[in-house]
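So the sequences go chain by chain: A and B. All residue numbers for the first sequence refer to my numbering, where the first residue is 1 and numbers rise by one. All residue numbers for the second sequence refer to my numbering, where the first residue is 1 and numbers rise by one.
There's no promise every hint is true.
[Claimed, not checked] Below are the DSBU-like pairs computed for lysine-lysine, each with C-alpha atoms no more than 35 angstroms apart in a straight line:
1) A:Lys86 <-> A:Lys153
2) B:Lys663 <-> B:Lys592
3) B:Lys191 <-> B:Lys312
4) B:Lys448 <-> A:Lys85
5) B:Lys629 <-> B:Lys663
6) B:Lys448 <-> B:Lys106
7) B:Lys585 <-> B:Lys187
8) B:Lys106 <-> B:Lys197
9) B:Lys663 <-> A:Lys125
10) B:Lys215 <-> A:Lys86
11) B:Lys197 <-> B:Lys312
12) A:Lys125 <-> B:Lys629
13) A:Lys85 <-> A:Lys125
14) A:Lys153 <-> B:Lys215
15) A:Lys153 <-> B:Lys448
16) B:Lys448 <-> B:Lys312
17) B:Lys585 <-> B:Lys448
18) B:Lys215 <-> A:Lys125
19) B:Lys215 <-> B:Lys448
20) B:Lys698 <-> A:Lys153
21) B:Lys456 <-> B:Lys215
22) A:Lys153 <-> A:Lys85
23) B:Lys592 <-> B:Lys215
24) B:Lys585 <-> B:Lys663
25) B:Lys663 <-> A:Lys153
26) A:Lys153 <-> B:Lys629
27) A:Lys69 <-> A:Lys86
28) B:Lys197 <-> B:Lys698
29) B:Lys359 <-> B:Lys312
30) B:Lys197 <-> B:Lys187
31) A:Lys125 <-> A:Lys69
32) B:Lys312 <-> B:Lys629
33) A:Lys69 <-> B:Lys592
Hint data in this document are derived by calculation from the structure and do not stem from the laboratory.
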Amino acid sequence: MATTLTVNQRVQNIDAAADTPLLYILSNNLELQGPRFGCGLAQCGSCSVLVDGVETRSCVTPLSAVAGKSVTTLEGLPAWYAQQKKLSSAPELHPLQQAVIDEQAMQCGYCYNGQIIKGAELLSKSPQPTVEQIRTAMNGHLCRCATYPRMIKAIQRASRAMGGGR
Amino acid sequence: MSSESPATTFPRRDFLKAGGALLVGLTFAPRVDAQQPPGGAIAGPFTPDPEQLDTWIAIHGDNTATIFLGYVELGQGNSTALLQIAAEELDLDMSQVSAARVETGKSPNQGGTNASASINRGGPRIRLAAADARQALLSRASERLGAPVERLTVSRGVVSVAGTAGQSVTYGALIGDRRFDVPYTGKAPIKDYRDHKVVGASVPRNDIPAKASGKYVYMQHVHVPGMLHGRVVRPRGQGAYGDGARVQNVDADSIRDIPGARVVRRRDFVGVVASEEWNAVRAAQQLRVTWDQPESLPASPAALFERMRAAKTIDSVVMDRGGVDAAFAAARHVVSHRFDSPYQIHAGFGPNCAIADVKADSAVVMCSTQGPYATRAKIADVLQMPEGNITVRYYEGSGTFGRSCYDDVAQAAAVMSQETGAPVRVQFMRWDEHGWDNFGPAHTADVKIAANADGKLVAYEYHGWQHTWSVTETTAQLAAGRSASEGQDGRAQSLTPTNTGEMYALPNWRIVNHRVPGLQGYFKGAPLRSPLDLAISFGAEQVVDELAYLADMDPYLFRRQNMNGDRWLAVLNAAAEAANWSPRKAAAALSKSRVVRGRGIAVGTHLSSYGVAVAEIEVDRNTGVIVAKRMFGAIEAGQIVNPGFVENQISGMLVQAASRMLKEEVTFSRTNVTSVDWVSYPILRCSEAPEVFPVVVKRQDQPSTGVGEEVIAAAAAAIANAFFDATGVRLREHPMTPSRVISALRRA
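For reference, chain A alone in the conformation it holds in the complex (with noise of 0.2 angstroms):
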């Protein structure tokens, strides 16, 4: 039974029991490494993708529940970003992931697929969010290096970027 999705802008069809979490047919069928296994129980947000624009954690929404919608991971952020901006081309990072490299925010960096996931659906809605906007938004999104500094930090860095110049 074939369900059809949109990953990444790249329409695919997907042959899979229709329960199936989303996690595990980005991970295994599509073999992308953006969202990853950290609980498969909505706690902790390394799985983090966006549907629709909107950030929903993979590993418990069903393929199902999927069908006919796009979805982009960590992977298609800066494509993501570009059709948000109307931009002519993507570029290669979003800014926030460059914010990351810039801030060296990371430690194992397991649970950044989801930071940058959370950050930059907050950063498309307030593109200029204060600190404790971020801090709420944020909030879901667990980091067990206990980087949340220097994740605030880089999120305030792109939100500069995207702002630009501010």
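With the hints as your guide, set chain B onto chain A.
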């Protein structure tokens, strides 16, 4: 391990009979770990020869170098920092050096990546090997260019004759992709630290760009052709370590409806495999297994600590200097309290994962071990295969912060591959990782301390109870019938002068280690970041603080006049200065507001380096919620290879300290662990994270020591001291949860 044995050991009964006539062993453990052979390299069978230069460095035709490291990247940046050391001595820039994937048989054995020791143990050997390689290359260049070595200079791997234009040759042209075939001597001249350009610079980490873009291959992403997806099936949460887990019945029919799913069983080891991962996940949840679960755990956390104290411990007098009892009797101010610290979890963010491909007489295992050679031996044991036939290849997983269950998952994959004859990928589920971790052991302590009228420390006595680390992995117990056993009392899991009091000048000083027998109703234990040190600081730094209070002194100034030596003093001052500390007595301005503020300072160590932290917190007296608002951490660890990495470590330690102090505790019933996910074992969240201010105190003239475990011990105690400053009340057990806070405030 013999150098780690306590000086004097005798059964508890003898100790009690001695009636205060203490047997004494005065051995000061050296501050730099003596356990490791010189240069951090271990020779052994099926191990590249550490005495050959080619084991460490290869120079390629394109004028780049591959460095073979024995240490693994865990997100701390060591794979970049060790390359900085190599680049510095080779006169290459960072774009010209890369590290080989760590793999048994190909990478040198430098022991495990633990004790925050990559730089202090691994750095010297890399530095000396790079210096050897430089000398070998210079001597070839000397022949090629017809100039004596003394006249040669090197920049970016291009060797030139000083004072002559155009006469040059690259490293690549001299040896490109051929072997050196010379011994490692360790005697080539190395650069003076004052000439360092790459070492000491905050160059960016080489793994972060791929991690930010999604190109980095974590262990959890690795696939091999034809592999099956495996899951282990165990009770939800481990029981007592010595009990293992005993199967009464497995109902294979219970997963009959799941396509391709089947049971893999060896003795008490139960797993499932399926070609589709989701089917393996479902099968593991659906399979009906009846377990024998004895009620051998303590009835409550309080009962756990009572069990430890009542146990037939092995007691060692680690230190008995001066006349402790007389000094206490004569002292002006004396403080004495009991402190309890719970079991805590490594809780790697991505549960451990491994792939094993076991053939009839060989095996390849990919996993996220901190010690590939040690893991190889453990896999050989469960497969009953010679170590030389097994390859362990490292792929980074999520940060482990010590020996989490990576060996367990590697053994599980190996057993399931051997049983099925196919490559098997085992991904632990969250409840496997949380429930079957090797926890950081619980600790309980009686701490007594005294000062004279001038606020000078005159006596200190610390009694600590804890079991040591366990040796037998769960899979080895279940699948191979290996009995649970414990390691020796390692330096990092028993009381030593270094971890218990050495930061202060102490004329009269007694330390007694009570080793609890860990096979009698406790959990599996393993080093968890800042093992024992966090618990020791939690107690010891609170009694020091109380003494300052009794002496009517500011807690920073009190410590300042009692620190042991200039290096401790410099770090203490650096932290206080960063926090803009203005001296006053603690709890001098108690407020009746609902939300009250406090600040605290404390020191901490782990084997070698010097850590100090300041915490500023808020306490909601109605809800009992503590929020760490701002935290400052300073470290001195000798020569700093990359200050940026050290700052990242300090920042992480400050926030993680708040998590461990305010939230984290393994919970359990009489039969099993009950904290099996992020709801039942919460950690600090983004909205709760303090602002952090890291300070690196540089001593480039000194040998490097670790930077990953000292500030967390200091910061934990700083939070506890800040709570007293805010409320005038002490909490002597952690985590400092809202219910504990409220009951402590009510009692006061």
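Do the hints match the structure? See the list:
At most 35 angstroms may separate the alpha-carbon atoms for a hinted pair to count; Lys86 (chain A) and Lys153 (chain A) meet this at roughly 26 angstroms. Between Lys663 (chain B) and Lys592 (chain B) the alpha-carbon distance is near 25 angstroms, which keeps this suggested pair within the 35 angstroms criterion. Of the pairs offered as hints, the one joining Lys191 (chain B) and Lys312 (chain B) is violated, with about 54 angstroms between alpha carbons and a cut-off of 35 angstroms exceeded. At most 35 angstroms may separate the alpha-carbon atoms for a hinted pair to count; Lys448 (chain B) and Lys85 (chain A) exceed this at roughly 64 angstroms.
Pair hint Lys629 (chain B) plus Lys663 (chain B) holds up; C-alpha atoms about 16 angstroms apart against a cutoff of 35 angstroms. This hinted pair does not check out: Lys448 (chain B) and Lys106 (chain B) have alpha carbons roughly 51 angstroms apart, beyond 35 angstroms. Distance hint between Lys585 (chain B) and Lys187 (chain B) is unfulfilled; the C-alpha atoms sit about 54 angstroms from each other, more than 35 angstroms. With a C-alpha separation of about 30 angstroms, the suggested pairing of Lys106 (chain B) with Lys197 (chain B) holds against the 35 angstroms cut-off.
Annotation: proposed proximity of Lys663 (chain B) to Lys125 (chain A) holds, straight-line Cα distance about 32 angstroms (limit 35 angstroms). Taking the CA atoms of Lys215 (chain B) and Lys86 (chain A), the gap is about 25 angstroms. The hint holds against a cut of 35 angstroms. For the hint pairing Lys197 (chain B) with Lys312 (chain B), the CA-to-CA distance comes to about 56 angstroms; that exceeds 35 angstroms, so the pair is violated. A distance of roughly 27 angstroms separates the Cα atoms of Lys125 (chain A) and Lys629 (chain B); the hinted pair therefore holds under the 35 angstroms criterion.
For the given pair, Lys85 (chain A) sits about 12 angstroms from Lys125 (chain A) by alpha-carbon distance, which is consistent with the 35 angstroms threshold. Between Lys153 (chain A) and Lys215 (chain B), the direct Cα distance comes to roughly 23 angstroms. Compliance with the 35 angstroms bound is thereby established for this hinted pair. About 43 angstroms separates the Cα atoms of Lys153 (chain A) and Lys448 (chain B), which puts this hinted pair outside 35 angstroms; it is violated. For a cut-off of 35 angstroms, the pair hint linking Lys448 (chain B) to Lys312 (chain B) stands: about 23 angstroms separates their Cα positions.
For the suggested pair Lys585 (chain B) and Lys448 (chain B), the alpha carbons sit about 21 angstroms apart, so the restraint of at most 35 angstroms is met. Proposed proximity of Lys215 (chain B) and Lys125 (chain A) is supported: the alpha carbons are some 27 angstroms apart, at most 35 angstroms. For the hint pairing Lys215 (chain B) with Lys448 (chain B), the CA-to-CA distance comes to about 54 angstroms; that exceeds 35 angstroms, so the pair is violated. Only pairs whose Cα atoms come within 35 angstroms are accepted, and Lys698 (chain B) paired with Lys153 (chain A) is accepted, the gap being roughly 25 angstroms.
Pair hint Lys456 (chain B) plus Lys215 (chain B) does not hold up; C-alpha atoms about 57 angstroms apart against a cutoff of 35 angstroms. For the proposed pair Lys153 (chain A) and Lys85 (chain A), the alpha carbon gap of about 22 angstroms is at most 35 angstroms, so the pair holds. At roughly 54 angstroms between alpha-carbon atoms, Lys592 (chain B) and Lys215 (chain B) are farther apart than 35 angstroms, so this suggested pair is violated. For the hint pairing Lys585 (chain B) with Lys663 (chain B), the CA-to-CA distance comes to about 28 angstroms; that is within 35 angstroms, so the pair holds.
Between Lys663 (chain B) and Lys153 (chain A), the direct Cα distance comes to roughly 24 angstroms. Compliance with the 35 angstroms bound is thereby established for this hinted pair. Under the criterion of a C-alpha separation no larger than 35 angstroms, the hint pairing Lys153 (chain A) with Lys629 (chain B) is consistent with the structure, at around 16 angstroms. For the suggested pair Lys69 (chain A) and Lys86 (chain A), the alpha carbons sit about 20 angstroms apart, so the restraint of at most 35 angstroms is met. With a CA separation close to 15 angstroms, the supplied pair Lys197 (chain B) and Lys698 (chain B) stays within the 35 angstroms bound.
Only pairs whose Cα atoms come within 35 angstroms are accepted, and Lys359 (chain B) paired with Lys312 (chain B) is rejected, the gap being roughly 46 angstroms. Note on Lys197 (chain B) and Lys187 (chain B): the hinted pairing holds, with a Cα-Cα distance of about 22 angstroms set against a maximum of 35 angstroms. A distance of roughly 20 angstroms separates the Cα atoms of Lys125 (chain A) and Lys69 (chain A); the hinted pair therefore holds under the 35 angstroms criterion. With a CA separation close to 43 angstroms, the supplied pair Lys312 (chain B) and Lys629 (chain B) exceeds the 35 angstroms bound.
About 55 angstroms separates the Cα atoms of Lys69 (chain A) and Lys592 (chain B), which puts this hinted pair outside 35 angstroms; it is violated.
Hint compliance for this structure: hints 3, 4, 6, 7, 11, 15, 19, 21, 23, 29, 32, 33 are broken, all remaining hints hold.
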